[in-house]
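Participant: Listed in order, the protein sequences are those of chains A and B. When the count follows our numbering, it moves up by one through the first sequence with no breaks and lands on 281 for the last residue. When the count follows our numbering, it moves up by one through the second sequence with no breaks and lands on 471 for the last residue.
These aren't lab readings, by the way, just hints derived from the structure by calculation. Honestly, I wouldn't trust all of these hints.
[What the hints assert, rightly or not] Computed footprint of chain A on chain B; a stretch qualifies when at least three of its residues, placed anywhere within it, have a C-beta under 8 Å from a C-beta of chain A: (1) 327-334; (2) 343-354; (3) 400-408; (4) 422-434.
[Claimed, not checked] The calculated lysine to aspartate or glutamate pairs, modelled on EDC-like cross-linking and capped at a C-alpha distance of 20 Å, are: (5) B/K444 <-> A/D90; (6) B/K444 <-> A/E76; (7) B/K444 <-> B/D430; (8) B/K444 <-> B/E413; (9) B/K444 <-> A/D83.
Glycine residues also receive a C-beta, built at the ideal position from the N, C-alpha and C atoms.
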Amino acid sequence: MDCREFADRLDDFVEGLTPPATTSAMEQHRSGCPECRILAEFFGGGLDLAADPLEIDLAPSILARTSGQACGAAEERLGSLIDGSLNSIDAGLVEMHLGRCLDCRSLAAAMAMGARELPLMAEIDPGPQFVQRVVAATSSRGRAGRLAALSDLALRLVVRPRFAFETAYGAALVVWLLFGAPSAPWGVPRERALELARANPVRAVVASSRDLPGWLAGPVDAGRRALADAGGPAYERARTELKEGAVRLEAVGAHLRTLWRSLFEPEPEPQPAASSATQEA
Amino acid sequence: MDVEELVTRCRAGDALAWEALVRRFQARVYGLALHYVRNAEEARDVAQEIFVRVYRRLDGYRDTDAFLPWLLRVGRNVCIDHLRRLKARPAGASVPVDAVAEFAHPGPTPEAASEAADRRRLVHRAMQGLSEPTREIILLKEIQGLGFDEIASLLDIPLGTAKSRSNRARIELARAVLALGWSPGAGTLS
Numbered sequence: 001m002d003c004r005e006f007a008d009r010l011d012d013f014v015e016g017l018t019p020p021a022t023t024s025a026m027e028q029h030r031s032g033c034p035e036c037r038i039l040a041e042f043f044g045g046g047l048d049l050a051a052d053p054l055e056i057d058l059a060p061s062i063l064a065r066t067s068g069q070a071c072g073a074a075e076e077r078l079g080s081l082i083d084g085s086l087n088s089i090d091a092g093l094v095e096m097h098l099g100r101c102l103d104c105r106s107l108a109a110a111m112a113m114g115a116r117e118l119p120l121m122a123e124i125d126p127g128p129q130f131v132q133r134v135v136a137a138t139s140s141r142g143r144a145g146r147l148a149a150l151s152d153l154a155l156r157l158v159v160r161p162r163f164a165f166e167t168a169y170g171a172a173l174v175v176w177l178l179f180g181a182p183s184a185p186w187g188v189p190r191e192r193a194l195e196l197a198r199a200n201p202v203r204a205v206v207a208s209s210r211d212l213p214g215w216l217a218g219p220v221d222a223g224r225r226a227l228a229d230a231g232g233p234a235y236e237r238a239r240t241e242l243k244e245g246a247v248r249l250e251a252v253g254a255h256l257r258t259l260w261r262s263l264f265e266p267e268p269e270p271q272p273a274a275s276s277a278t279q280e281a
Numbered sequence: 282m283d284v285e286e287l288v289t290r291c292r293a294g295d296a297l298a299w300e301a302l303v304r305r306f307q308a309r310v311y312g313l314a315l316h317y318v319r320n321a322e323e324a325r326d327v328a329q330e331i332f333v334r335v336y337r338r339l340d341g342y343r344d345t346d347a348f349l350p351w352l353l354r355v356g357r358n359v360c361i362d363h364l365r366r367l368k369a370r371p372a373g374a375s376v377p378v379d380a381v382a383e384f385a386h387p388g389p390t391p392e393a394a395s396e397a398a399d400r401r402r403l404v405h406r407a408m409q410g411l412s413e414p415t416r417e418i419i420l421l422k423e424i425q426g427l428g429f430d431e432i433a434s435l436l437d438i439p440l441g442t443a444k445s446r447s448n449r450a451r452i453e454l455a456r457a458v459l460a461l462g463w464s465p466g467a468g469t470l471s
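Excised from the complex, chain A in its bound form (with noise of 0.2 Å):
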């Protein structure tokens, strides 16, 4: 059990109203306990005030059954009182907790330590020959001022974390304005070339060439007509070749044909002798 559980059953422990093993427990903390013993004799009525007033402290106990201890209060206002910009009233109600709370105390002491030795390491030799150094970088400033200031900017712009990420974000904006939207320069009008490709694929890749811009057209059409004068000979020796299958394939339907009608279609029927006299007649 600690300080603050006792103080929290003292009025039940006062009275008799815990259980035994709560009144075990507190009557063991009491006996180890001064500030607690003193604390409970008080509420006890067992305490005269007026016999020793000094020796009794009940401040910690109070305060811990009440608001709570003081200590982040008076933190708040340290670094204040140090620097003597707290007011008076505030100033003697910190010291009056700092003569009473150790740790309080040591803090302010150790504060106001660092407050005395801190702005003596604003400045730090940086050692010989430096002024000298400095003095020689900064002697380029007439002549090449306006390009040092102009790579200065490129360092820290490369130096940027999210450099990267902005530049790729610029440059696929950049590449959506040129190509892809609808009123872009170079874009290719897809619903378009769309309709033709599911119209007639062939026509959609003669037509291709009709679709082209203007500076894609010329080195395209440059590309074809070399390629026809590279594969020249091929190109005739296969046509030729083509035809000849042709012109046979043709010979073989019409054999077929052929075949067909003999087999299936009836004989045409012998004209009448009678009919034949007349006509001669």
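Based on the hints, put chain B in the right spot on chain A.
Facilitator: Okay, now just chain B, sitting in the frame of chain A:
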């Protein structure tokens, strides 16, 4: 000579004025750089880079502002750029204690000077264990002596936040000093 006068002459291209300005602020700028980068050699390079950047941006300095906060702002930016290039040092990286021997200032007696140097080493060691934001606000407020309004402007935080952060930082530092064994009655390191 007044700092503002020196700056005016530097803008006009007076090399002697520039040298005087560097001499006047070199220790402070080096101290700032050392607290950020925590390495003596790197701090010298960074301090030089700070002055180079200040030199290039003198035309952008407004006379209505105090020079020291402007200088520290430029210095802080250079230090942060440097740390970013290094992918940032881990917090609380160890620094050779010898590096802070340069904190030593002459005292009335050799013993007093030695004790003062010990206290500064202790405070420096305590600072190494603090978080970067805590160290930075101690650096700006307690070491460099900036006002709360200047710190708020520099760190882009409200004035009240600057005050509360500063007080918390001082308390953290004091606790760190106590944790290292310092006691109010101790004159030297325990």
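Participant: With reference to the structure, classify each hint as holding or not holding.
Facilitator: So, going through the hints one by one against the coordinates:
1. Closer than 8 Å: that is the beta-carbon criterion, and the region 327-334 of chain B has 5 residues meeting it against chain A, so the requirement of 3 holds.
2. Counting residues of the region 343-354 of chain B whose C-beta lies closer than 8 Å to any C-beta of chain A gives 0; at least three are required, and the coverage claim is violated.
3. Coverage of the region 400-408 of chain B by chain A holds [criterion: at least 3 residues with CB-CB distance below 8 Å; count 4].
4. Against chain A, the region 422-434 of chain B contributes 4 residues with a C-beta closer than 8 Å to a partner C-beta. That satisfies the three-residue criterion, and the hint holds.
5. For the hint linking B/K444 to A/D90, the alpha-carbon distance of about 17 Å falls within 20 Å, and the restraint holds.
6. About 10 Å separates the Cα atoms of B/K444 and A/E76, which keeps this hinted pair within 20 Å; it holds.
7. A C-alpha spacing of about 9 Å is found between B/K444 and B/D430, which places the hinted pair at or below 20 Å, so the restraint holds.
8. For the proposed pair B/K444 and B/E413, the alpha carbon gap of about 17 Å is at most 20 Å, so the pair holds.
9. The suggested pairing of B/K444 with A/D83 holds, with an alpha-carbon distance near 12 Å, which does not exceed 20 Å.
Checked against the numbered hints given earlier, the structure breaks only hint 2 and satisfies all the rest.
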